[in-house]
Amino acid sequence: MMEGRLSLGIFLIGGWMEKSEVLPHALCGAKAKRTGKFCRQPAMKNGKCRMHGGKSTGARTQKGLDAIRAANFKHGIYSKENHKARIRVKNIYSFCKNYIRSLN
Numbered sequence: 001m002m003e004g005r006l007s008l009g010i011f012l013i014g015g016w017m018e019k020s021e022v023l024p025h026a027l028c029g030a031k032a033k034r035t036g037k038f039c040r041q042p043a044m045k046n047g048k049c050r051m052h053g054g055k056s057t058g059a060r061t062q063k064g065l066d067a068i069r070a071a072n073f074k075h076g077i078y079s080k081e082n083h084k085a086r087i088r089v090k091n092i093y094s095f096c097k098n099y100i101r102s103l104n
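First residue of the sequence shown? That's 1 in this note's numbering, and the numbers climb one at a time after it.
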């Protein structure tokens, strides 16, 4: 039939057609390590699907980085203010612990 030719094809009446001819979109060209088969997800502008390289790499300009920092900050245990407060509490705890040890 199609010996020696790797093809993602579909047999239609009249012969084989490439899958890219049948589908309205291009396919991702990533190849699986385990199975050796090609990814069949629709490709983005860069030729890969969203799982194999189509995702954003993040902001690169200073303006974009500042916008991300402003958008992600709400509150929480990892904020700078809480970090400073935790250090103060830790220092007070250490001082009290050492003071009690010195009394014995």
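Rather than coming from a laboratory, the hints here were simulated on the basis of the structure. It is possible that some hints are incorrect.
Stated by the list, open to error - Here are the computed distance ranges between Cβ atoms for each label pair:
hint: 1; residue 1: G53; residue 2: Y93; range: 42 to 52 Å
hint: 2; residue 1: G36; residue 2: I77; range: 38 to 48 Å
hint: 3; residue 1: G58; residue 2: A32; range: 19 to 29 Å
hint: 4; residue 1: Q41; residue 2: A70; range: 53 to 63 Å
Here the structure is a predicted model, which means the values were calculated and not measured. Backbone N, C-alpha and C define an ideal beta-carbon position, used for all residues, glycine too.
Structure-based check of all given hints:
no.: 1; hint: G53 - Y93: 42 to 52 Å; verdict: holds, 48 Å
no.: 2; hint: G36 - I77: 38 to 48 Å; verdict: holds, 45 Å
no.: 3; hint: G58 - A32: 19 to 29 Å; verdict: holds, 26 Å
no.: 4; hint: Q41 - A70: 53 to 63 Å; verdict: violated, 33 Å
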